[in-house]
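Asker: What follows is the residue order along each chain.
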Amino acid sequence: MYVIYIICALGIVSLLAEIFNFKKALLPIIIIGLIAAIVASAFGENTGLAFSGMVSFDRFSVVYSTLIVTIAFFWFWMAYSYFHNRLNLTDQSALVLFSIVGAVILTAFANMAMLFLGIEILSIALYALAGSKKNNLFSTESSFKYFLMGSFATGFLLMGIALVYGATGSFELSAIQSATTNAAHPLPSFFYVGVLLILVGISFKVSVVPFHFWAPDVYEGAPTPITAFMSTIVKMAAFAALLRLFTVCFAAVSFTWLVVFYVMCVLTLIVSSVTAVYQSNVKRILAYSSVGHAGYILIAIVSGGNVGGLVLYYLAGYAVASLIAFAVIHQIEESGRTVFLSDFQGLFRKNPLLAVSMTIALLSLAGIPPLTGFFGKYLLLTQAIRSGHLALALVAIFASLIGVYYYFKVIIVMYSTAGDDRLITITTAQKVLLFMLMALVVVLGVFPDWFTFL
Amino acid sequence: MLTIFLIAWPLIAAIIIAVVKQHARTLALAASLIELAASMVMVTSFTPDASIQFSVDLPWIASAGIRFNVGVDGISLLLVLLTTVLMPLIILASFTTAQLKNPSAFYSLILIMQMALVGVFVALDGFLFYIFWEMALIPIYFICLLWGGDDRARITLKFFIYTLAGSLLMLIAMVYLYFHTPGIHRFDIQSLYEAGRALPIGEQSILFWAFFIAFAIKMPVFPFHTWQPDTYQVAPTTGTVLLSAIMLKMGIYGVIRWLMPMVPLGLQEWGTTAMVLSVVGVVYASVIALIQKNNKRLIAYSSIAHVGLISAGLFTMNSIGWQGAMVQMLSHGLTVFGLFYVIEIIHQRKATHTMNELGGIRSVAPKLSTVFLIILLGSIALPFTSGFVGEFLLINSLVQYQIVFGAVAGLTTILGAVYMLRAFQKMMLGESKGASVEFADLSAREKWVLYPVVVLVIVLGIYPTPLLSLSEAAINNLLYTINDYLTLPK
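Chains as they are written, first to last, in my numbering: chain A, 1 to 454; chain B, 1 to 490.
Worth flagging that the hints you see were computed from the coordinates, not collected in a lab.
Heads up, some of the hints might be wrong.
What the hints assert, rightly or not - Just a few of them, taken from the derived set where beta-carbon distance is under 7 Å, the chain A residues facing chain B:
hint, residue
1, Pro-369
2, Pro-370
3, Thr-382
4, Ile-385
5, Gly-388
6, Val-395
7, Ile-397
8, Leu-401
9, Val-404
10, Asp-449
11, Phe-451
12, Thr-452
13, Phe-453
Using N, Cα and C, we set each Cβ at its ideal position, and we do this for glycine too.
Build the full structure now, drawing on both the sequences and the hints.
Answerer: And the structure:
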């Protein structure tokens with residue numbers, strides 16, 4: 001719970017920095033504050049229900065929020081130069097921090113109202129951030145599209161919450177859960193409609209097919225660090241919310257949503273990987289890859305059982321690898337290039353470290369051992385086979401073979417002899433970050449047992 | 001601990017080379033020699049019985065029933081030995097590519113590859129085996145991608161996805177078996193054996209194919225060979241040699257260790273089919289080899305033929321065939337390395353792989369020509385060469401199994417002699433034509449690479465007993481368990 005206070009305070013400090021003119025000290029303050037937040041989050045277990053029972057910091061939320069704040073810490077490190085060069089540093093960092101608060105709330109909500117608030121706090125800040133390259137048409141388009149889709153999704157969500165409230169008479173998750181298991185009072189049929197509407201709303205946020213179409217455009221247009229934020233922190237928070245809702249609260253009525261998730265899972269795996277093959281913009285490739293990874297995580301949810309820990313591991317590996325990839329893309333943009341495949345030509349010559357880190361990130365995303373992406377996929381496959389979904393496992397394998405094809409398209413280009421010869425230089429801080437994240441990708445993959453918290 | 005050293009040392013050396021960056025080739029050579037010395041220590045203290053020796057069993061991923069369990073028996077030991085003996089030669093052979101870009105990356109990748117290869121041959125845990133199996137693919141892919149020839153991006157990606165598809169099939173099969181292990185699920189090889197043997201024949205058959213396709217792609221056995229000729233041709237010679245001399249043995253080893261004892265009923269049901277495929281591949285590849293104009297492709301196809309014969313011999317399920325397979329694996333590793341290297345030498349001098357542009361090299365480079373001839377005769381199984389021992393045992397076992405198979409496979413020895421000797425004639429004999437005039441003979445370094453190969457080919461051909469006795473007990477033990485299981489009343 002203290003984690004929410006700390007990050008909120010950091011956000012307010014960011015806003016004050018403009019007034020009291022300590023902008024130079026702001027980023028160090030944020031970094032230190034985030035470390036404090038990680039500690040507060042990790043040791044914040046069983047602070048119980050807070051805010052009049054609106055949020056509940058149980059084991060699940062502690063672990064997920066710690067992961068989110070940790071990734072946020074690396075994210076600020078990665079985005080340092082992006083913030084550093086900007087006049088509106090304070091506004092933007094405040095927006096990001098408030099957005100993280102929304103993400104933390106999504107891991108801990110105990111009340112439908114908090115679900116709604118969490119999603120809105122998370123999203124509204126991002127609508128502004130996505131459009132923060134004001135003079136860039138794509139950025140504006142991205143912002144507008146994200147806003148429209150977000151409102152649309154919120155509409156579904158609110159409608160669903162209203163119907164569920166109508167059927168059960170409560171916003172509290174525990175009350176709703178007991179209503180679904182209460183055989184004496186069968187629920188009216190519009191309850192199930194409500195569940196499905198909530199499902200649609202959340203599906204927009206985690207961007208699974210067929211609710212994914214906004215993602216590539218938004219990812220492409222938004223400034224790269226913001227894209228990185230969306231594809232890591234937003235995704236993790238949305239999945240935390242999804243798990244909290246469907247594998248706990250609506251677990252007893254899984255017959256309404258299980259088939260829907262099953263179909264969306266298969267569609268997501270196939271559509272995302274096939275579409276990614278035809279992209280030439282690396283940010284779009286990563287957008288489709290991000291959609292695809294949502295599909296893999298759905299395998300766990302469809303397979304059922306206690307999958308919180310498994311999804312956590314998968315998300316952690318995915319987020320670390322994505323951060324590397326976006327950090328590399330960001331550096332390429334900083335060197336005055338665009339991010340088409342042709343801009344990656346000969347990256348190995350221009351900066352071997354960037355090329356090697358990108359390679360490791362993509363190999364991990366593609367699921368090549370011994371990196372973390374492999375073990376995550378392996379856990380999902382075993383989960384699917386254990387619960388008898390062999391067909392789903394085969395679809396996932398097929399999708400990951402196509403995945404290898406498009407990830408390797410990027411890798412091959414980086415080692416080609418074509419392209420210009422302008423070297424790319426990066427700061428020591430970024431080098432250290434890349435080394436740390438690469439080490440994480442390897443250590444997570446080789447010693448997954450060190451990271452089982454659930 | 002020796003086993004751990006054999007796995008860890010190449011990786012440590014690779015990291016050192018990647019960091020130091022200077023003197024990459026010398027360091028790599030030294031590292032591979034240390035590895036060779038370690039493997040020699042292992043051979044000398046090895047007791048040639050059926051037990052698993054030098055085993056190390058450490059906890060690894062406890063929550064998933066995975067342990068870091070490694071150890072060697074006679075079969076593993078021979079393949080480890082093949083790897084450690086060939087690696088210094090391969091590294092020494094690559095020195096000519098002095099203009100090589102990024103030598104530190106190149107040699108790091110080679111050493112990482114060695115780690116994975118040794119790991120595959122000593123792993124006794126299904127998951128660990130899979131990890132090493134896949135890890136061998138990454139360095140070889142990048143060696144081919146970064147230092148390969150024309151059109152390498154497309155061809156190497158095909159190779160990568162093709163083999164990965166097979167591996168994933170194997171992974172699914174492994175996980176399936178894992179869920180059938182008794183008690184708390186484990187990936188330990190003995191538990192997997194038990195799980196596999198307890199399954200009904202239908203499931204065993206499916207698992208048989210899942211494993212067999214994975215291994216068949218690696219070897220490659222007809223009809224899963226289509227990636228191979230292109231990849232061998234486009235890869236830098238070091239990569240080609242790594243693929244053909246060592247990496248394809250991973251597939252054969254997989255059949256011996258992970259396929260046959262795991263699903264004996266599936267083997268009984270489909271073994272003959274697999275053997276037919278192998279024999280068809282032998283003939284098919286030999287016929288295609290007859291019409292090749294490019295000498296690298298010629299050897300690529302001859303390699304498919306040889307491996308097909310080894311695979312066929314394995315499926316006879318008698319100890320002669322298996323012994324033959326062991327010898328032939330070593331022999332094939334040596335000869336294919338020697339042949340590819342001679343061709344590389346010719347290519348370095350004359351920049352051509354087309355045999356018609358060459359001729360009469362013997363008159364200007366007699367040493368090269370003689371070495372080439374001996375290795376080539378080893379490859380076509382002339383008596384007193386290593387190839388003869390292997391092919392004789394293999395064909396013998398096929399004849400015992402069914403005379404037709406023996407006859408068809410034996411045909412290839414003749415075809416092999418035809419295309420190989422024709423290649424020798426075209427390149428070495430006749431008038432010195434165009435490209436072959438002013439051809440320098442072997443340099444000192446080239447002699448250091450090729451003479452050991454020649455010596456080994458001959459020694460192995462005349463006196464193979466010490467090597468055969470290393471693996472004999474292990475082979476008989478494995479075969480005994482399988483046959484014993486099959487004759488039990490169900």
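Asker: It remains to establish, for every hint, whether it holds in the given structure.
Answerer: Comparing the hints with the structure gives:
The beta carbon of Pro-369(A) is positioned within 7 Å of a beta carbon in chain B (closest approach about 5 Å), and the interface hint is therefore held. Using the Cβ-Cβ criterion of 7 Å, the hint placing Pro-370(A) at the interface with chain B is satisfied: the shortest such distance is roughly 5 Å. Because the closest C-beta pair between Thr-382(A) and chain B is about 5 Å apart, less than 7 Å, the hint holds. The beta carbon of Ile-385(A) comes within 5 Å of a beta carbon in chain B, closer than 7 Å, and the hint placing it at the interface holds.
The closest approach between the C-beta of Gly-388(A) and any C-beta of chain B is roughly 10 Å, which is over the 7 Å cut-off, so the hint fails. The restraint placing Val-395(A) at the interface with chain B is violated, with a minimum CB-CB distance near 12 Å, outside the 7 Å limit. A cut of 7 Å between beta carbons decides the hint on Ile-397(A): the least distance to chain B is about 5 Å, and the hint holds. Restraint check, Leu-401(A) versus chain B: the minimum CB separation of about 6 Å is within 7 Å; hint holds.
Checking Val-404(A) against chain B: minimum C-beta separation of about 6 Å stays under 7 Å; hint holds. Because the closest C-beta pair between Asp-449(A) and chain B is about 5 Å apart, less than 7 Å, the hint holds. Given the 7 Å rule on beta carbons, the hint for Phe-451(A) is violated: about 10 Å separates it from the nearest Cβ of chain B. Checking Thr-452(A) against chain B by beta carbon gives a least distance of about 6 Å; that is within 7 Å, so the hint holds.
For Phe-453(A), the suggested interface contact is broken, since its CB lies about 12 Å from the closest CB of chain B, more than 7 Å.
Hint violations for this structure: numbers 5, 6, 11, 13, all remaining hints satisfied.
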